[in-house]
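**Q** What follows is each chain in one-letter form.
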Amino acid sequence: MSHMKKPLVHHPALRRNALGLTHRDYEASMSTLCAGCGHDSITAAIIEACWELDLPAHRVAKLSGIGCSSKTPTYFLGRSHGFNSVHGRMPSITTGANLANRELVYVGVSGDGDTASIGLGQFCHAVRRKLDMTYIVMNNGCYGLTKGQFSATNDKASPSKKGEPNPFDAIDLCQMAISLGAGFVARSFSGDKAQLVPLIMAAIRYHGFAFLDVISPCVTFNNHPTSTKSFDYVRAHNAALDRVDFIEGREEITVAYGEGTAVDVEMHDGSRLRLFKVDGSHDPRSADDALATIRRKAAIGEVATGLLYVNEEQQDLHDVLHSSVRPLNAIPWSELCPGSKALEKINAALR
Amino acid sequence: MSHMKKPLVHHPALRRNALGLTHRDYEASMSTLCAGCGHDSITAAIIEACWELDLPAHRVAKLSGIGCSSKTPTYFLGRSHGFNSVHGRMPSITTGANLANRELVYVGVSGDGDTASIGLGQFCHAVRRKLDMTYIVMNNGCYGLTKGQFSATNDKASPSKKGEPNPFDAIDLCQMAISLGAGFVARSFSGDKAQLVPLIMAAIRYHGFAFLDVISPCVTFNNHPTSTKSFDYVRAHNAALDRVDFIEGREEITVAYGEGTAVDVEMHDGSRLRLFKVDGSHDPRSADDALATIRRKAAIGEVATGLLYVNEEQQDLHDVLHSSVRPLNAIPWSELCPGSKALEKINAALR
Amino acid sequence: MSGINDFVITFATVNGSGSASANGIFAKSLFRMGIPVSPKNLFPSNIQGLPTWYEVRVSEAGYLARREGVDLMVAMNSQTYEQDVAAVVPGGWLLYDSSLPRDFGRGDITVLPIPIAAICAEHWTDTRQRQLFKNIAYVGALTGLLDLDPAVVRQVMVDQLKGKAALVDANMKALTLGREYALAHFGCPLPIRARSAAGTDGRIMLTGNDAAGLAAVYAGATVCAWYPITPSTSLVEAFERHARRLRMDPEGRRNYGIVQAEDELAAIGVAIGGGWNGARSFTATSGPGISLMGEFLGLAYYAEVPVVLFNVQRGGPSTGMPTRTQQSDLLACAYASHGDTRHVLLFPSTPTECFTLGAAAFDLADRLQTPVIVMSDLDIGMNEWVTEELTWDDTTVPDRGKVLTAEGLDGFRELKGREWGRYQDVDGDAIPYRTLPGTHPTKGAFFTRGSSHDENARYTEDGRVHARVLDRIRRKFATAATIVPKPEVTIRDEAARTGIIHFGSSIHAVHEALDLLEQEGVLANALRIRAFPFSDEVADFCRAHDRVFVVEQNRDGQMRLLLMGELGIPGAKLIPALSYDGMSLTAAFVREAVLAAGHPAEAGAAK
Amino acid sequence: MSGINDFVITFATVNGSGSASANGIFAKSLFRMGIPVSPKNLFPSNIQGLPTWYEVRVSEAGYLARREGVDLMVAMNSQTYEQDVAAVVPGGWLLYDSSLPRDFGRGDITVLPIPIAAICAEHWTDTRQRQLFKNIAYVGALTGLLDLDPAVVRQVMVDQLKGKAALVDANMKALTLGREYALAHFGCPLPIRARSAAGTDGRIMLTGNDAAGLAAVYAGATVCAWYPITPSTSLVEAFERHARRLRMDPEGRRNYGIVQAEDELAAIGVAIGGGWNGARSFTATSGPGISLMGEFLGLAYYAEVPVVLFNVQRGGPSTGMPTRTQQSDLLACAYASHGDTRHVLLFPSTPTECFTLGAAAFDLADRLQTPVIVMSDLDIGMNEWVTEELTWDDTTVPDRGKVLTAEGLDGFRELKGREWGRYQDVDGDAIPYRTLPGTHPTKGAFFTRGSSHDENARYTEDGRVHARVLDRIRRKFATAATIVPKPEVTIRDEAARTGIIHFGSSIHAVHEALDLLEQEGVLANALRIRAFPFSDEVADFCRAHDRVFVVEQNRDGQMRLLLMGELGIPGAKLIPALSYDGMSLTAAFVREAVLAAGHPAEAGAAK
Ligand SMILES: Cc1ncc(C[n+]2csc(CCOP(=O)(O)OP(=O)(O)O)c2C)c(N)n1
Ligand SMILES: Cc1ncc(C[n+]2csc(CCOP(=O)(O)OP(=O)(O)O)c2C)c(N)n1
Ligand code: SF4
Ligand code: SF4
Ligand SMILES: [Mg+2]
Ligand SMILES: [Mg+2]
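Chains as they are written, first to last, in my numbering: chain G, 1 to 351; chain W, 352 to 702; chain F, 703 to 1309; chain Z, 1310 to 1916.
The reader is advised that the hints may include incorrect statements.
To be verified - Pairs of lysine-lysine residues, derived as DSS-like cross-links and limited to a Cα-Cα distance of at most 25 Å, are as follows:
1) F:K875 to F:K864
2) F:K1188 to F:K1104
3) G:K341 to Z:K1471
4) W:K513 to W:K544
5) F:K1145 to F:K1118
6) F:K1275 to G:K162
7) F:K864 to W:K692
8) Z:K1471 to W:K512
9) F:K1275 to Z:K1882
10) F:K864 to W:K696
11) F:K1188 to W:K696
12) Z:K1882 to W:K512
13) G:K161 to G:K147
14) G:K161 to F:K1145
15) Z:K1471 to G:K345
Claimed, not checked - Computed footprint of chain W on chain F, listed as stretches where at least three residues anywhere in the stretch have a Cβ under 8 Å from a Cβ of chain W:
16) 865 to 874
17) 1094 to 1100
Source of the hints: derived by calculation from the structure; they are not laboratory data. Nothing here was measured: the structure is a model prediction, and the numbers come from that model. Here a beta-carbon is modelled for each residue, glycine too, at the ideal position from N, C-alpha and C.
Okay, chain G solo, but in the shape it has when bound:
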């Protein structure tokens, strides 16, 4: 029974990062998800990524909507404030939180139902606003918590557990995010930690809207081999565009883009995501390329994973709004309240 298990984090629990913290310090309550749920692996990857990045947990805010996936923030970063909001509305809550304090790291977790159905509008508009956050969708093609109905990301014809084919086209959140101007768009698989962890690290370091669509099989309702969101299917059809490696700091780049098989994508703080091209054709800096690649792979039944698109100099919402470089929740009262003199001027103008 899953309540006996903790999220599987493969590491000697004792290793300490620059803050002297162990993985344990980035964990939280025990998962109450089904044993084997893909979401638990993503939880583990988030923990791993935050530990690797030496993040001070209290400078991270974790937010989610409603669903099995949206429960996971209870399972990671126990020292961070969390907000398990309402179904499909995590983006607006995160927008407000980010406006109030631009200095924290915002990790939003959602599900495919939470994002592609009830939350589709908020998702699209959060992308447009270039909210500085990491938005992770744990994508299992179904509504886990309500017992397995198809979600809008379930592929057409991919059958339910009972064998009924899904009659509707799937919504590809990555294509949507790219055409809406997201700055960082990646797809991964809960079963591919080597790819997932560096992508999460880069997403967190990215300044702007970073979107991660992580296919995460629902072992209870949507993991039958005929389902295109099952472990078996995804393993068999996973087309990784590149091997990825996250590099902290600014040390010399050996291989430059074009020269060979490696691409370095630079984050705003100088850290880099190094891509060892598997499929040489695809340039993640071009939205047109990204869309074409995704559609080409999809057409032959493959799932393109890896860093699909990145815009290396995106502005975030605060840049756009010209808001103070200080957190808005910490501006001194003297700068907030104009006082009676200003009011007297206003009165005068209204006489």
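We have chain G; now place chains W, F and Z with the ligands onto it with these hints.
**A** Only chains W, F and Z with the ligands this time, still in chain G's reference frame:
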């Protein structure tokens, strides 16, 4: 003052169609929109198209959300039932109406605020459901009825009347519709009736979800020359992919696709939309092509108009649901209520 | 109080462990033996691995309300041993899997150790089977301990397994293993035990959601849109399941359409669109879904579009307790949406009434041209109840209300002496005549809108006209009060000065409490509200009694507030009795509330 | 009643024709002459070409309520001649553009024909100018007819045109043309006319939305999200306008963030996210927006997140009358969202109070950790009012309520004798201590959720714990009742048995009505509700009077329902006086209601 004007319908009011009806029979209350509003021209085009198609007005249902654009159903088809619903929710109302009676023609009118902001989720999911309807967005890049705020379709940097540039990327509803699987996607301009009328005719005859994004300048709030939604700008940057011509009936097609500059796209009832290619490169039968063309034009500041994409054999929602070929609102009671015998069986199984 | 055919047994298990079907077999067997049972599922808001309880009250007297105090605890979940042991009444029993023996440290109860895991491990190798048959094994033990009729149990199993012989045999084997062990090791049967009776004649076992889904089929609903949410999901699933069997047309096409919408705003929108276009349409939701439907409910109220909404209430506020029961959406539903709005509410109390009122809702929506909200709850909706069998009068014809056909339109002037207008009060009952799209080539077209309109559905900004239309709609609700189902009044004593007002799933606890109170010499009458707006009988009942307890499963005394606000009844007279911990109501609670009349805590609770 | 400094003048024009600024100049000039005026805009729900009226009541006595019966009609819209002529009281005047002469067929009024179009055509060639100066010309005529001080008018114009000399001259020319014509052709001044007075000392002219936007600036709000909707749009526009001037930091960056959200669900979500993260956050909306915010309001209530919502009420239900006023969202706001929820409401009655209560709302939200809804309306919000000037005490420090700093967390145990827990009632006022993200490396982190939780914000499915938390929140609302703004009581006669309860924009009509009633020998006291939940004074007032009229601008007597439901006051005692045609309330209506006491129609209106 606009209340003195009727929607401009250029025609000898006396001409009669196959039903013996004149254009007047397809008109309705006088417009209360601003004099010169693009929406009034689209109203006129809808009237023209319905007259040309010899539609029995009472077999058409017109639906809308809220906005200046959504008011227009009051100005056309006075003999049709209309439903001016709530802001952004026309798609769900139309879905229910269509489920109840598949035999009527459904014309939905919306605005860019109504569809791309509050209604974005419902729009996307109506597309996915392949609702058999004609969905027209009167796109002026602003919220007319609330006095001109930017909408989500206003192009980035395109300034407000006061000269403030729009800081956010625009949502391209056509790209969205195509990638979500819409069957018929076209873009046009309220100022180009020659292109607009045949497109509306084809959209109405199309079986499945037909989407029309019609740029329709707001003369009061978003028609300054610097606005990319102004008459001047659109006229100057309108890249029509083809001249279009709607052909009723089944008479011999002279020019076939490939052979030359004309493409015939067949509607389910055998009528055709004939495209005289201006930009030869673009095949409206390919979604990839359509997306590429739209983005290529946009990249050079042009607006691709015409029939962007068509899927000649799309199923509609009723096909997908295997619902009765008869209107569900007209199934005889005897077929709806299983009666006491069936109930006795059910009781028995519950003892 | 406990004894033969009168006891409470609770199964403490883990969800996803397959105990549900075994527990169901147990309850069904008692039912088949003619003994009224009321099983309740206490499940967590997750899918697998958390504690779950299955509480069964057995009562030959037919008391179906929950009763506290467990006589026999089947403790199959080591996580919850502590609280489970504590729940057993002194003198009670605790059955547990002694494969891992343990001392529960309670001298006042009898522990019944059975090495269930060991036994199953012995007979099965496959781990899943071992797990599943453990559940059957403890049911087997219970057949011995409680003297259940093995033949009946076998038949229940056969029915459940649709007769698959191999499976039946395997299950019987597990059952027998448990039974034999019990017979061999314990003094069977226990003083609390089952004895065949005649308490379930004319009854069936059914959930309220199943009944409500069936009601929609029988009422002729053809358009359904929904968005999954506990505890209403199974209502729509039931509609679909029944419709698939009962609603196929000759060509194998479906005489209904169901859309899983993208959210609740869309779900109610689809239902309203269908109602507007002449199909009987409905949606079902719970908790948050109700809040999201507010804007559209206001539109349907004001544009006068019929639609049915099933609200299977759960524990609020916000996400609250999705797997617990409450009656806390009364205000949210009665006054849903901004502006002057009010809605017709129906309050079923049993699955059978979910069927009758569920069907009635469609007639009322059509007749009144307004949303009708059926206020069920998780307790009624998701638990299996022993309830009267369902009946249907084949002469029933649906009352679609005032819908004009083409002929009706042509003859209207003739018949009514004036031109038709969508929102005209022609008959003096404040209910106008509607038309459907596509009916008539030249007559009856009108424009439906949520903005202010006159009696002919034309847009107006003349406030007096707007007020006139609103006044008619207000009068329509006076009409509604006269045609909604009347309350059910129980008079124990014409002279009694104490009354109890209740509704919905509180029925069982209240009626049992009336008996308990009578034993204490307190004679009270009761009135069960079945609809809002209130019919006159409700005010009469309040007038006829000096103090009226209002029993509700919410914190704020929402029904009491409606009684005061709508009928002007002084607060002093209405004593709140409020239970809102998410557990279904007990007779003991009602009894105490009445005996402790006016207890400040409770009075406070209504503030 | 009409005469010097006491009359009603109405301008009938067409929207989009530029008459608004001319009308504004007229009203402002009277104000500057020291005469209280109350101008009201009656505008259509479209952008251009439909009839618009600008109604100005002039009252040296300082009566600001609307008064029916037009003394002088400036009829500039041929579309509406008929109704405009009809609106003039016998003995009144009608000024019209006689370029197209016409006979209005009323012998009992004086027609003042001025060939305005002709005059302007003569002096200007540009059509737009011709149109605009027509408006100034009729204002010019009025300066003659009503004896307005030309110097004052000129100064108002100069201020409005920010001194642009050329423009001023052109306008003065038009003004003079109109004035000369009037002086030359009519017996000026008319018996109804203006005379300099001292009735506006210490007053300003301001709209409620402007004041409320300013309140948000002064209260230190830094996060604002909204979605455009009439009549609340101008509130957020005012916030932005003022913040741009008053909230720039040294580097020219903004000490605030405003997001135009994609809809109201997002707007309130952003505001709640900001409040959760320690910024003072708000949103503003009207009508449909309120319905859409229900789910989120329930979350903020239950998760105890401070947020301020300005509801500028308009005519409901549904889309209703977007450009008319009502007070019909009381129930929708007091009980917004499913489950047991209730919300703190504030009821400003003037722009000045929009400023004071608007600012107070942020303190209350922080102190109570819950949504606070400021219930303004279109009449207060969008019309320009003569109102007390705004004052601010520079010693004011915001009360952010119980927010723990890092030091506060470290010292908590020491100070309070127990560990901190997010939802613990440490001080007995049922208000817990909150922490903000990023405050402390190891202490104070917690998980905010709308699902059931214990006193330490841990998820629980234990219904008793859930009920315990709900009880504390209920107690928190008892605390709220003691700290919200108290009602304003007006005692005309200690012995009076008649009371009038009112709120919001009804203040002017009610206070004028008290005078009218006094003239009839009816002495009544009044209580103006300023907040919900009700402080004790409200119940006391009801107790102290035999019959209490509840004056409301809605159909269903929503405040009366709250008084009955929340305070248990018998309906018989509360007499509804309901006006809901979207026009702001008149003293005559209140007077009649009281004199016709208990008139069934009105009593019925509350049913
Ligand atoms: C407004 C609202 N509607 C419906 C629900 C019920 N509900 C809870 S989770 C969920 C879907 C979750 O699906 P997804 O986001 O894919 O998460 P998963 O469980 O699959 O990880 C739904 C519909 C809800 N909580 N709130
Ligand atoms: C729920 C809700 N929010 C806001 C409004 C106010 N409103 C009316 S129309 C409109 C925007 C209309 O913009 P668009 O759809 O582009 O139509 P347009 O007027 O530009 O043609 C808004 C926000 C409303 N009526 N309902
Ligand atoms: S139901 Fe599916 S998604 Fe939910 S926890 Fe179980 S496996 Fe994971
Ligand atoms: S405001 Fe703009 S969109 Fe609205 S009617 Fe006028 S021109 Fe048309
Ligand atoms: Mg999912
Ligand atoms: Mg628009």
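**Q** Against this structure, judge whether each hint is valid.
**A** Hint-by-hint comparison with the structure:
no.	hint	verdict
1	F:K875 to F:K864	17 Å, holds
2	F:K1188 to F:K1104	23 Å, holds
3	G:K341 to Z:K1471	22 Å, holds
4	W:K513 to W:K544	30 Å, violated
5	F:K1145 to F:K1118	16 Å, holds
6	F:K1275 to G:K162	56 Å, violated
7	F:K864 to W:K692	22 Å, holds
8	Z:K1471 to W:K512	21 Å, holds
9	F:K1275 to Z:K1882	15 Å, holds
10	F:K864 to W:K696	16 Å, holds
11	F:K1188 to W:K696	30 Å, violated
12	Z:K1882 to W:K512	56 Å, violated
13	G:K161 to G:K147	11 Å, holds
14	G:K161 to F:K1145	51 Å, violated
15	Z:K1471 to G:K345	16 Å, holds
16	865 to 874	violated (count 0)
17	1094 to 1100	holds (count 6)
Hints 4, 6, 11, 12, 14, 16 from the earlier list are contradicted by this structure; the remaining hints agree with it.
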